[in-house]
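Chemist: Sequence:
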Amino acid sequence: GILMSYCGGDGGHQLTQYSEAERIEMITSDMRQIHGITSPQTGAFSRSWSAKKNYGGAYAVYQTGQITGYWNILRQPWGRVHLAGEHVATCTGYMEGAVESGRDVADRIVRAS
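Residue 75 in this note's numbering sits at position 29 of the sequence shown; the count goes up by one each step and never skips.
Because the hints were derived from the structure by calculation, they are not lab data. Backbone N, C-alpha and C define an ideal beta-carbon position, used for all residues, glycine too. Hints are not guaranteed to be accurate.
As the list claims (entries may be wrong) - Derived Cβ-Cβ restraints for the label pairs, each shown as a range:
| hint | residue 1 | residue 2 | range |
| --- | --- | --- | --- |
| 1 | ASP150 | GLY58 | 28 to 36 Å |
| 2 | GLY89 | ILE155 | 36 to 44 Å |
| 3 | GLY57 | ARG78 | 13 to 21 Å |
| 4 | ILE113 | ASP76 | 24 to 32 Å |
| 5 | PRO86 | GLU66 | 13 to 21 Å |
Please take these sequences and the hints and turn them into a complete structure.
Modeler: This is the structure in structure tokens:
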């Protein structure tokens, strides 16, 4: 199976001070303890998205009031401009949301043609 873990906010920023190997060891140890995992892992990787020059962070994290204030507006076309991506999807923050949003926008454009 696959086990994923995301750490954001202050905890995520604190983890950036460690190497990838150290992050993997720390999180793997925690996951083994939390979930009672005894089988050996076959692979692991860790990304510190906020430390990547061309990323500057990870998925969208809305603050209080932003979803109710802006989310529906961002999902509407502005003339011929349509936004698509995880940040405007029902499943915010994940690849599935990006795909869902892209399909929705493509369908909307085709229907408008």
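Chemist: Give a verdict on every hint.
Modeler: Status of each hint after checking the structure:
Between ASP150 and GLY58, the C-beta spacing of about 29 Å keeps the proposed range 28 to 36 Å intact. Taken as a hint, the range 36 to 44 Å holds for the pair GLY89 and ILE155, whose Cβ atoms sit roughly 39 Å apart. Separated by about 19 Å at the C-beta atoms, GLY57 and ARG78 satisfy the suggested range of 13 to 21 Å. Our hint of 24 to 32 Å for ILE113 and ASP76 holds, since their Cβ atoms are close to 30 Å apart.
Checking the proposed 13 to 21 Å range against PRO86 and GLU66 shows it holds: the Cβ atoms sit about 19 Å from each other.
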